[in-house]
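Protein chains in written order, with this note's numbering: chain X, 1 to 254; chain H, 1 to 485.
Think of the hints as simulated: they come from the structure by calculation, not from any bench.
Small disclaimer: the values here were computed from a predicted structure and weren't measured.
Each hint should be verified, as a subset may be incorrect.
[To be verified] In silico lysine-lysine, BS3-like type, Cα no more than 30 angstroms apart, as pairs: (1) H:57 - H:350; (2) H:350 - H:171; (3) H:474 - X:74; (4) H:281 - H:458; (5) H:458 - X:74; (6) H:202 - H:350; (7) H:284 - X:74; (8) H:57 - H:171; (9) H:444 - X:68; (10) X:111 - H:474; (11) H:444 - X:26; (12) X:154 - H:429; (13) H:73 - H:202; (14) H:31 - H:44; (15) X:139 - H:429; (16) H:67 - X:154; (17) X:111 - H:147; (18) H:269 - H:171; (19) H:474 - H:284; (20) H:444 - X:74; (21) X:130 - H:458; (22) X:139 - H:474; (23) X:189 - X:154; (24) H:284 - H:67; (25) H:429 - H:444; (26) H:458 - X:154; (27) X:74 - H:429; (28) H:57 - H:67; (29) H:171 - H:147; (30) X:130 - H:171; (31) H:444 - X:111; (32) H:269 - H:350; (33) H:67 - H:44; (34) X:74 - X:139; (35) X:139 - H:444; (36) H:458 - X:139.
[To be verified] Sample of chain H residues with no beta-carbon within 12 angstroms of chain X, all distances over it, derived: (37) 49; (38) 69; (39) 350; (40) 419.
We treat Cβ as the ideally placed atom computed from N, Cα and C, and that holds for glycine.
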Amino acid sequence: MSPLLEIRDLHVSVDHHEILKGIDLKVNAGEVHSIMGPNGSGKSTLAQVLARRDTYEVTSGEVLFNGKDLLAMKPEEAAWEGVFMAFQYPVEIPGISNVYFLRSALNAMRKARGLDEMSAMDFLPMYREKLNLLEMDDKLMNRSVNEGFSGGEKKRNEILQMAVLEPSLAILDETDSGLDIDALRIVAKGVNAMRSAERAMVVVTHYQRLLTYIVPDYVHVLMDGRIVRSGGPELALELEETGYGSIEASTSAA
Amino acid sequence: MSTNVNTIRDLAEREYKWGFISDIESESVPKGLNEDMVRLISAKKREPEFMLEWRLKAYRHWASLEKAQAEPKWANIKYAPIDYQDIVYYSAPKQKPTLESLESLDPELLRTYQKLGIPLEEQKLLANVAVDAVFDSVSVVTTFKEKLREAGVIFCSFSEAVQQHPELVQKYLGSVVPYTDNFFAALNAAVFTDGSFVYVPKGVRCPMELSTYFRINAAETGQFERTLIVAEDGAYVSYLEGCTAPIRDRHQLHAAVVELVALDDAQIKYSTVQNWYPGDKEGKGGIYNFVTKRGKCQGVNSKISWTQVETGSAITWKYPSCILRGDNSVGEFYSVALTNNHQQADTGTKMIHIGKNTKSTIVTKGISAGHGQNTYRGQVKIMKGATGARNYTQCDSLLIGDQCGAHTFPYIEVRNSTARMEHEASTSKIGEDQMFYLRQRGIKAEDAISMIVNGFCKRVFRELPMEFAVEAQKLLSVSLEGSVG
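Just chain H, with the same shape it has in the complex (with noise of 0.2 angstroms):
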């Protein structure tokens, strides 16, 4: 294995490449954070009465939790206290944030964005990608605008959302994943300061894929983003989330929620590339990634697909869960999770089965290299009322070298005689008898390690859409950095 050994090394040598930091002026507050501290951000964004409420709502209930101590402590992830008085809650490119024209963008903040080869101008868009940008708190642009207006589809930054369609915003926010869900879906409800809003009509089918790209810059800055995509009756949205950040020494926090509310025959696909930075080859800095995500399949017939590749992050703790309430709805999960070097990951999903002839799908592909460790977590449950509910979980595990672990945790609760459960899952190590046969074949060890790794993930690479796909390829490939001895 020496021979792989090296390889594994040498690639270890390649840099984050999108740990660059854009040199523009921001708007900060001061570190901490407080009761003022919330009516600050709510004032600057000029949000509503309803708003401030309930991020007070939530800040005190957050405050209650991090008196009691009551940071989540059962993943199986290890970390440094975070002390969230040294954080800083809201940054913000200065400049008016919401722009008329791409005119009137900071031409540092298009830079940057065409350096993470995200297509913010217009007339480079890949065809049929609307993207919003989030950089660090605030949205900075949102292509595509009048075309999806068209359609009926609303597709805007958060905050824009709360000025333009406070109905809509007050009906859903908090509806699937409500501020007392847990500690850091509190903090993100008391702080959050941007994300992406998207609500697709009645009988819509949205004309192309919808796409927000996340950036962090600011050093010592916490990203606390939420989007809420509403599908109604018959309605279908395929929408993709990518993220990075600069090359930091200190930890940065990232702590979202994403909601999506699925009404009768209607269809959300939601994929993500997730890339923050993963810290250096020490363990040093790199994004604490605590993200809820939570699907409602309201409606009949309802159905939501959570696609994930995660390869970023020191620290990724995150489960993509979908609620099957209405009758034959459908929940997927698929995931590709990444750990090199010192990287933690304890991600998977949550299926709860209530409608009847509910149906849902998991499989999941934790890597492991170099000293990272990778935990599958999931739950399905089956409530009494869903006759008929179905669940298919596969959970692989691929290790390269010897230092590095993979933990998988699956609790099934049944309590329905009428549900059929299916649990398969395998560890593989990659084998010094396929490396040796592919470099036989010419194939260099690097990208022979690719080769099989890509074909271990192709189940959920399948999911992604098209152009995405080949990214998630050439990412995972880059990410296969670390060391084994």
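Okay, chain X solo, but in the shape it has when bound (with noise of 0.2 angstroms):
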């Protein structure tokens, strides 16, 4: 079987300075990878060239998807082949209410898709599921999109997002970062509830408190724009130990 995500010897810059330095992975659907690293490491970088963004320009290397040419596409078509990005920054749409995005969304996605436009009818108990999942206030659906929500509130609805879109391809991006436990629970359940055999996930993050909650099958060390090491769930744990600078000292060391 052909892995869904594939990645070969990616190298990545901004400005003329090399941020990714030969990325190799492969991620087979059904699968939880999770990329680690500490700041400035391109963990960030690696999540947004998957889901197209164009500040950051591909010097070498290929990706992928579905065994079509991810980096040829423009960020909406990665999202109607399956690509989601939960954002670490939520951005604000003043005057745009999040239940009107959605359905937008949702709608572009299926057009795109070649399927009918779902109605408000269909949409709404769908949607009110999916709101309940992730324990949010109904009141925050008419309220335009991530405008006055707090931190924990723009990450869930990330994840409700998500949770509507039902993409193949989820990649998370520090989606731990300014939650407390109580929203990281609440996060991990929204998130665990969309694990399944079709879809895989990237979960990329700092700390390893949001793997106790997401249990990846697979860690990745991110270092200086390189994949320094892999393994099991237990890597994250031994990290959490030992720290990023003993992974450094023992690679150079290597």
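With the hints as a guide, dock the two chains, each given alone in a separate frame, to form the complex.
Written out as structure tokens, the structure reads:
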């Protein structure tokens, strides 16, 4: 079986400064991979390149998604193919209600995939169900997208969008940052409910904390633009104990 | 941002879809303006003596201003001098302009209005919208007249009002915007050829939305219409105007005047969706829109609300204003102005507080794209006797791309220390962050821009009658044509 996502020797620069220095990664459907690393290691860059943000320059390498050239896609095309990214810093869209935005997004996806648009009648019950899963207040839904939301509400809103849009690849970019323990649990519950044999997840995080709740199948350590170690969930625990410094020392010694 | 730039460029390829020219034989007078021309226009309209006298006084005033080169120059707009002798001041579809039924209307004219999506045939009318249509200079048909007459509401062309209700015209014409008001108001008073007239008697709530569509068709013609709306004690009326023009290489002048009078407890809601031809991508052609709109809240507890969506015209120069004379009267101004390509807008309002406890609200949303220049200019004046006056002003500007400009000029003058004034202003840019966020959720770039802009304008759209709010949103999306790079 060919992997859902395959990254081959990916090099990425910003303003002629190389951030990713040759990434190789295979992610199969049904798997949860965690990318861990210290600040400035290139984690978020990797997430954003996969979501097709065009402020990054891919200098070499390739990325296949479902066997297609992901790097040739615009952000919306990648989304239609099934790539979703939960943002580290979700943006505010004044004047557009959360519920209107979400239905527009879903229908834009459905239209691109040749499906009929979903009516408000069909949309609302599905949406309420997901809302309950994330223990979100109904009132937030008629407010403008992310406007006046607390940090925790914004992150839950990201997972709500993921739950409604049902992507085949979900990239979580530091979803745990700025969350208290209760919010973290709720977010993790939402993410775990989404785990399935058809869906893969890439969880980008600095801390092991999130991985207690979302237990990954694989952990990769990203340092200075390269994956320096890969392993099972136990690698995250090891990092928690010893810190990134020990890995740095061991890799430079090797 | 490169993808955004491309998207905006793609949108620019879209054409102005109201730009067709109708093949209608018209009766025009030679170009140029002098006293004889004013007499000719008045004679063609078989006007009573008082009208001719008024026009001549206006003409003489305008001529003195023109001689003194007193065309207003304070606005933040640039254009080549207008040759007022190179304009046709009267053009009418060649047929009897007063019509008894739609059957007698030129079928080509009917087709024109159908293309514009204006429901002239009564059976096809949107429920509860009465329409007056002004083609070039004259009003061609007013629908639903009978139903309105039953309610006691007069809604007709200005020409008809002059014939049928001269006493009302004489009483109110120029009472809010005198011909001496400004250069363009003087010009309008001298040569205006038609427009709409609305009179809502005491205690009557107008049973439907009233609407006028203005269309410039003939080349090298100016359109000078004049609208007068009077709401007597306790009356209510909601009025909407829409405007389009064909694509022409040369600039065309539009200098209109609108006067509103609200007596005790009366309310007038005036909405505009202005989509005159804006010119092409290089700024060639387009309408010069110099308009004077003013409402007088003459009575106690009266209210006048202006809502405008300005997406067209090469130049927009307009300041729908309220004179709050009656105690407890309320003035409102809600505006969306979009400038794209080489469009320029200098628009805003004046709120003049004279009566006690008068209240005004100003909410403006300026959107600049391409090389567009968008200026908010607003005056809030609290007179000595206006104890307890209040004003709230909010001016927001949104920039798309880096070649455009947004400017804000608020003038605040307070002569009564009990006044309460609030002013908020913001300028933002459609960010790469917002665009990426929406596109990551599967929304195409051009739809993402529309969504952000519509969200930005929401507060103003809420003030429009429902069906026109939907139109305005669509119009805004189409008008976001332009190039950044």
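*Honestly, which of those hints from before does the structure not fit?*
The structure conflicts with hints 7, 13, 16, 17, 30, 34, although it agrees with all the remaining ones.
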